[in-house]
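Number of protein chains: 2
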Amino acid sequence: MPTPTYPRTARPALIVGSVAIDSVATPFAQSDNILGGAASYASIAASYFAPTRLVGVVGADFPAAFLKRLKKHGIDTQGLQIDPAGKTFYWSGRYRENFEGRDTLTIQLNVFDKFSPELPSNYKGTPFVMLGAIQPALQNHVIDQLTKEKQHKPFILADTFDLWIHTTRPDLERLLKRVDLFVINEEESQLLTGERNPAIAAGKLRKMGPRIIVIKKGGHGSLLFHPDGNFAIPAYPVTKFIDPTGAGDSYAGALIGYLAAANSTSFPTLKKAVAYATAVSSLTVESFSVDRLSGAGRKVIDQRYRALSALTRF
Amino acid sequence: MPTPTYPRTARPALIVGSVAIDSVATPFAQSDNILGGAASYASIAASYFAPTRLVGVVGADFPAAFLKRLKKHGIDTQGLQIDPAGKTFYWSGRYRENFEGRDTLTIQLNVFDKFSPELPSNYKGTPFVMLGAIQPALQNHVIDQLTKEKQHKPFILADTFDLWIHTTRPDLERLLKRVDLFVINEEESQLLTGERNPAIAAGKLRKMGPRIIVIKKGGHGSLLFHPDGNFAIPAYPVTKFIDPTGAGDSYAGALIGYLAAANSTSFPTLKKAVAYATAVSSLTVESFSVDRLSGAGRKVIDQRYRALSALTRF
Chain A
0 MPTPTYPRTA
10 RPALIVGSVA
20 IDSVATPFAQ
30 SDNILGGAAS
40 YASIAASYFA
50 PTRLVGVVGA
60 DFPAAFLKRL
70 KKHGIDTQGL
80 QIDPAGKTFY
90 WSGRYRENFE
100 GRDTLTIQLN
110 VFDKFSPELP
120 SNYKGTPFVM
130 LGAIQPALQN
140 HVIDQLTKEK
150 QHKPFILADT
160 FDLWIHTTRP
170 DLERLLKRVD
180 LFVINEEESQ
190 LLTGERNPAI
200 AAGKLRKMGP
210 RIIVIKKGGH
220 GSLLFHPDGN
230 FAIPAYPVTK
240 FIDPTGAGDS
250 YAGALIGYLA
260 AANSTSFPTL
270 KKAVAYATAV
280 SSLTVESFSV
290 DRLSGAGRKV
300 IDQRYRALSA
310 LTRF
Chain B
0 MPTPTYPRTA
10 RPALIVGSVA
20 IDSVATPFAQ
30 SDNILGGAAS
40 YASIAASYFA
50 PTRLVGVVGA
60 DFPAAFLKRL
70 KKHGIDTQGL
80 QIDPAGKTFY
90 WSGRYRENFE
100 GRDTLTIQLN
110 VFDKFSPELP
120 SNYKGTPFVM
130 LGAIQPALQN
140 HVIDQLTKEK
150 QHKPFILADT
160 FDLWIHTTRP
170 DLERLLKRVD
180 LFVINEEESQ
190 LLTGERNPAI
200 AAGKLRKMGP
210 RIIVIKKGGH
220 GSLLFHPDGN
230 FAIPAYPVTK
240 FIDPTGAGDS
250 YAGALIGYLA
260 AANSTSFPTL
270 KKAVAYATAV
280 SSLTVESFSV
290 DRLSGAGRKV
300 IDQRYRALSA
310 LTRF
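Chains A and B supply the protein sequences, listed in that same order. Per numbering that gives the first Met the number 0: the first sequence ends with 313, consecutive numbering throughout. Per numbering that gives the first Met the number 0: the second sequence ends with 313, consecutive numbering throughout.
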């Protein structure tokens with residue numbers, strides 16, 4: 000794909016998170032040593048909408064082809080540390096029958112074990128920031144480095160996952176006080192709030208800090224809770240379901256990318272961003288790794304966005 | 000509530016199914032000897048939109064207050080047999096924690112055991128018919144009685160449940176060849192088709208006969224598959240969840256009632272009908288029995304319909 004061009008008004012987006020080498024088994028197929036990690040999926044997704052900066056770490060073994068893939072999307076990899084002393088974060092997992100949960104087979108943190116996200120100085124004023132689901136202490140450390148100037152305060156999206164809810168809840172609670180938009184899946188929102196009704200759970204989450212909440216429900220779509228109103232959207236009806244890995248990460252990446260492109264966090268903009276995020280994440284599940292996400296192109300994304308509009312209008 | 004008035008163009012709807020006395024326990028509360036049965040929920044729901052005829056059976060013990068409730072909705076109960084020799088169908092059940100499934104505690108079929116739905120002669124030409132989830136052989140028996148005149152062929156909606164998929168599949172398959180619209184929940188569609196992807200399952204169901212499929216996903220909304228297009232709608236975001244009994248029945252009843260009122264089965268009409276069905280069924284879960292469904296009134300239903308439109312538009 001050609002390096003994307005963005006509208007003149009588009010602001011940059013910063014993605015911080017894991018970059019990994021994955022081996023994934025599903026009930027139907029297997030793919031080994033593929034590009035993975037939340038920040039890989041999220042940065043490619045964001046790059047469809049806005050200039051995208053990536054902060055993460057990889058080892059000396061990180062394949063040049065993977066780096067080339069990110070650069071082809073125009074992603075600024077100045078913040079991607081390459082630690083020559085170690086190997087890239089490696090994860091392998093196996094999805095259970097009917098994709099009802101997955102089991103981790105191997106985690107080798109490698110260079111990720113001592114990773115501390117350090118922002119290049121020209122990243123510190125990035126106006127739209129996504130903090131992937133790394134340890135909340137590290138997410139907080141990123142926020143510490145962002146500009147404190149009131150008129151340039153960045154808009155911050157954070158993701159998390161169940162491990163941090165169980166093990167580092169105080170850090171997570173501190174984080175929530177500092178972010179604008181919290182993206183969480185339905186099970187995790189139940190775990191964190193003790194509330195199964197998503198509307199009530201979202202109210203509790205907003206009391207913990209973020210003024211905007213997105214609850215993802217996988218194949219059942221997602222819900223947006225914004226001070227100016229709520230929004231619900233179904234999943235894009237995928238018929239070729241290969242591997243859900245990275246769906247949530249590409250969802251969040253598209254979300255922050257679209258907001259950066261629009262340079263707005265209004266309710267109408269957030270609704271469109273959620274619809275684009277839905278379209279983009281539907282691509283991710285249609286292949287292993289970022290293959291389909293990366294290969295599809297903006298035109299297919301726009302088609303799916305319009306299809307979602309047609310699918311939901313009455 | 001006053002007896003409803005309908006648009007001059009509205010056609011009548013016929014509802015066939017169980018009328019029961021229920022005792023329901025949820026994790027939070029219990030309510031005994033209340034009006035239940037698919038046809039009770041469905042006929043009250045349909046009555047908000049179109050003149051509604053009810054075919055079912057009750058025993059001599061059926062409380063006059065329950066009959067009065069149905070009549071207050073203007074429901075034509077000429078087809079409701081009262082069997083003086085027996086007692087009304089009685090069901091009691093208990094929902095499990097978090098409403099994840101329910102257990103039947105008691106079933107006393109009573110007069111329902113020998114029930115054979117016989118249509119009064121003036122019902123046989125009813126243009127819109129809902130067959131509640133009674134035995135497929137009885138659903139077929141109703142169709143046998145409907146007018147065969149080509150230009151007056153009724154539009155038939157059928158519901159079913161997992162027991163009939165397990166025990167009387169040949170009858171169910173015969174039924175499916177004879178109905179226009181099949182309403183089924185997601186688990187049952189998986190059971191019947193062996194396919195978990197709802198879009199693919201709907202394709203398989205359409206090959207079995209019905210040209211229109213609705214797949215209900217409970218709190219995750221519902222999906223419409225029509226020859227002219229597909230439609231997805233989230234559930235109405237209820238915050239006062241009391242008892243899900245009858246939600247699916249009132250959904251189907253509102254659906255057939257709206258189609259009868261519009262005298263159309265076009266794709267745009269079906270989408271609106273699904274949205275109204277979503278609004279109506281959200282009322283059902285807000286109380287035990289038909290209390291909230293019956294008490295809410297058309298104005299609240301219209302409000303929820305508009306709220307669903309606002310919730311889903313981007």
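Keep in mind that the hints were calculated from the coordinates and are not lab data. Honestly, I wouldn't trust all of these hints.
Identical copies carry no separate label here, and so any pair may be met within one copy or between two of them.
[Stated by the list, open to error] Listed next, the in silico DSSO-like pairs over lysine-lysine satisfying Cα-Cα at most 30 angstroms (straight line): (1) Lys298 to Lys147; (2) Lys147 to Lys113; (3) Lys147 to Lys239; (4) Lys203 to Lys239; (5) Lys239 to Lys206; (6) Lys113 to Lys271; (7) Lys239 to Lys176; (8) Lys67 to Lys203.
Do the hints match the structure? See the list:
Taking identical chains as interchangeable, the C-alpha atoms of lysine 298 and lysine 147 are never at most 30 angstroms apart, the minima being 37 angstroms within one chain and 50 angstroms between chains. Taking the shortest alpha-carbon separations for lysine 147 and lysine 113, only the intra-copy value of 26 angstroms comes in at or below 30 angstroms, while the best inter-copy value is 77 angstroms. For the homomeric pair lysine 147 and lysine 239, neither the shortest alpha-carbon distance inside one copy (45 angstroms) nor that between copies (42 angstroms) is at most 30 angstroms. Only between protomers do lysine 203 and lysine 239 lie at most 30 angstroms apart by alpha-carbon distance; the minimum there is 16 angstroms, versus 36 angstroms within a single protomer.
Proximity of lysine 239 to lysine 206 under the C-alpha cut-off of 30 angstroms is restricted to the inter-copy arrangement: shortest distance 20 angstroms between copies versus 39 angstroms within a copy. Within a single copy, lysine 113 and lysine 271 get their C-alpha atoms no closer than 37 angstroms, and across copies no closer than 55 angstroms, so neither meets the 30 angstroms cut-off. Within a single copy, lysine 239 and lysine 176 get their C-alpha atoms only as close as 39 angstroms, which misses the 30 angstroms cut-off; across copies the closest is 29 angstroms, which meets it. Taking identical chains as interchangeable, the C-alpha atoms of lysine 67 and lysine 203 are never at most 30 angstroms apart, the minima being 42 angstroms within one chain and 43 angstroms between chains.
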